[in-house]
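Protein chains: 2
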Amino acid sequence: MLDSALAARLRIIVGDAHFRDDKEALITHSYDGTPMLQAIPDAVVYPESTEQVSAIMEALSSYKVPLISRGSGSNLCGGTVPVQGGVVMVMHRMNRLLELDTENLTATVQPGMITADFIHHIESSGLFYPPDPSSMRISTIGGNIAECSGGLRGLKYGTTKDYVIGLEAVLANGEIIRTGGKLMKDVAGYDLTKLLVGSEGTLAIITEATLKLIPPPKCKMTMLAMFRDLYGAARTVSAIIESRIIPATLEFMDNPTIRVVDDFAKLGLPLDMEAILLIEQDGDPETVARDIEMIRQICEREQADSIQVAATREEAERLLTARRSAFTALARLRPTTILEDATVPRSKIADMVLRINEIAKKYNVIIATFGHAGDGNLHPTATTDARDTEEIHRVEQAFEEIFAAALELGGTITGEHGVGVVKAPFLEWKIGASGVELMKGIKKVFDPDNLLNPGKVFAKQTRKRVVINHG
Amino acid sequence: MLDSALAARLRIIVGDAHFRDDKEALITHSYDGTPMLQAIPDAVVYPESTEQVSAIMEALSSYKVPLISRGSGSNLCGGTVPVQGGVVMVMHRMNRLLELDTENLTATVQPGMITADFIHHIESSGLFYPPDPSSMRISTIGGNIAECSGGLRGLKYGTTKDYVIGLEAVLANGEIIRTGGKLMKDVAGYDLTKLLVGSEGTLAIITEATLKLIPPPKCKMTMLAMFRDLYGAARTVSAIIESRIIPATLEFMDNPTIRVVDDFAKLGLPLDMEAILLIEQDGDPETVARDIEMIRQICEREQADSIQVAATREEAERLLTARRSAFTALARLRPTTILEDATVPRSKIADMVLRINEIAKKYNVIIATFGHAGDGNLHPTATTDARDTEEIHRVEQAFEEIFAAALELGGTITGEHGVGVVKAPFLEWKIGASGVELMKGIKKVFDPDNLLNPGKVFAKQTRKRVVINHG
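Sequence lines, in order, name chains Z and W. At the far end of the first sequence sits residue 471, using the working numbering, and the numbering has no gaps. At the far end of the second sequence sits residue 942, using the working numbering, and the numbering has no gaps.
Treat each hint with caution, since some may be false.
As the list claims (entries may be wrong) - In silico lysine-lysine, DSS-like type, Cα no more than 25 Å apart, as pairs:
hint: 1; chain 1: W; residue 1: Lys689; chain 2: Z; residue 2: Lys220
hint: 2; chain 1: W; residue 1: Lys911; chain 2: Z; residue 2: Lys444
hint: 3; chain 1: Z; residue 1: Lys161; chain 2: W; residue 2: Lys911
hint: 4; chain 1: W; residue 1: Lys689; chain 2: Z; residue 2: Lys218
Unchecked claim - Derived, one-sided and incomplete: chain Z residues facing chain W with beta-carbon distance under 10 Å:
hint: 5; residue: Thr179
hint: 6; residue: Glu242
hint: 7; residue: Ile246
hint: 8; residue: Ile413
Hints are computed from structural coordinates only; laboratory data are not their basis. All values derive from a computational prediction rather than experimental measurement. Ideal Cβ placement from N, Cα and C applies to all residues, glycine included.
With these hints in hand, go ahead and build the complete structure from the sequences.
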């Protein structure tokens, strides 16, 4: 329960209609896209301006009450669950595109704008904002920045980080800072902009972002290749990159995913394939045609069982359906779906998929794997049941071993979902004890009283690293 | 003078031949590429491994003696001058390309490798590392990372920051950390990799870097356009970008630069032109030809007085000569050349050039301006004489006003040279007092005893912002 004087102060700042502490609002904001995680906040506020955010933060800091800022809460790491109580701040009212500057190719936007709406605006102005997280129809730009969201185009175009060039943010004490600007080059001190991107709401509250835009590709082609041999698919990925082609999209689905997707979407996929690659290239027409032809030849050389190149946009959409259905198809199998994002160097994709399969077998759990093969960002996905604590325990053990395997292959515990609560016990595995200490030090500089999204990124206890016993 | 026990310990770590405290070595390492700045170190060490760097740092931290790590010292911000004494650590012996991974398109390199040598290796393997600082023939990769160097290709390809994906670094206490990896996506905690890039040796000593490579463009075309009207040139820059073309290079020289360059290189440039644009595009042949033709049309529309498109590589080299000679030509005019890098949004190029000219006139100093028009990164260059303290004072006043003008136009005090000593008094103008406090806090987390390159980035006193009186 919030101190009544503080509640009254917050009501004055945002207006009565935008302060909620009724049960319904509290429950609605007690969870996010992450399974099996819930905590009730003390209140929910909906600010409409940077000044209100600043005033809220000033009030909360004087009462030492935590703040969890959130957009749509579509994250998968427990990033917006108020695990230590406090006030949830929903950014949806700050959802305006403030400026589209076609001379400098930048957009300045408020954090609460839905990503897909933003992209729609940008594309209808003949420009291009590449980050395309799968959540984009519900996620917000602010959430994307907080988590440094990736997506299907990461391979060629990078992730959210590569497009954020300026920020306005409110600090824990309510002060407003501005970093970067409409500048392609700026080395005035440490790069606070990139530090805030991916900081998961633990360092400051982003209230405005200046994003870099680029000219859109003139055309796009889509193809699908199926492989009986997992290594054939993996060698194809490597051979494409080695032949100096960076496709816009290079997605992968393993056999368990193919089976589930086909059962769900009735696409008539061959169920004996070990892997499907979905490949897209964009750019100028001549380049795209040449690249797709080279990729087709590589697929043939690597014994692809079937190769389909879409002749029309409609056909391309049909080819995309399988990959797009993957999560939905898996999610309907059993009550609980846990989607992870262990990431490896792209040359290690096949090794990693085999390791995931071994681990799933060892713990007798169902894990299907799909994801972004081109950048090594895989989504091993467990279908399970949160009510079966014994099975959930095995799933957790399996994922622990999957993270360890990713690190052993030169990878990371999270490629695009963030640390949040879920990966916090494993952060030290990736960055080491000194790395974690540095990060904790940075957190303390920005937020000495630990008020901004407390309980995230840093775990009370680091998990002991499992010793992997192959075979 | 170094404590003799410490000196003995350093000698043991690096070997007698690689520890120097003779007068010649101390004087040689008392300055860098920055004019009018010199300070004598207490010793110079030349480590050959990360382990040696770690042992050196452990020794220095126990004696609380500062360390200044440097490559070739080609920076222009006083970044490697030992202004508070201490030990200069020269990284030239750690100059190996450790791995070129053609499957993952990464290179792992030691910091002391000369940038041009690195680029030569990469290009002869059919790959591409875009950052191309003008200093590349003498500068090191480690220096480029410390300063986040830019270059002529920044507009299209970004700067050093965009290519550093993993680091090994030694902390102030001698501990070794590793960040990132051969990963295109990694969101495991705060982005320490990008934080270290551009931190000017004040947070940690970089001992190894993993760099992202990309496929090389298949061809390149070069053109030169001359304008009687400065705004015509500026409008051309904007119109190119607005027509959705991002050239590989889009360089600018103003009239004073043209005059000096022509006098130096005898190129027969027309001396009544207000601006020359040097434009290059690279990529697939069809795209390049189409873009260059569109750019040619834009130049014509904006009343370019002459437009030359190079038909051969030799002709292209000839067109490039003017821009390449700019610094050398200016440097020979008078004893002291001060090259700055005030940067503005690219739409403000013409305004900025006019402001620079006004300011130069007001203080009766010679300032010629050239630079990277495409990303708004200008190099106003004063030719002066360090011995004439009265004139130098006027030059400093002029630059102070130039920085203020850049900020007023939405720009920054430094686009690619770094803060070092030279820009430290102005850092607060860009990032505000809270921003500077955050940066100081980060510095303290990494380096609590202020041993790593002390006296840089943060000034003892912030310069009072000048009030600009137009006209």
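field: Non-conforming hints, listed in increasing numerical order
entry: Result: no hint breaks.
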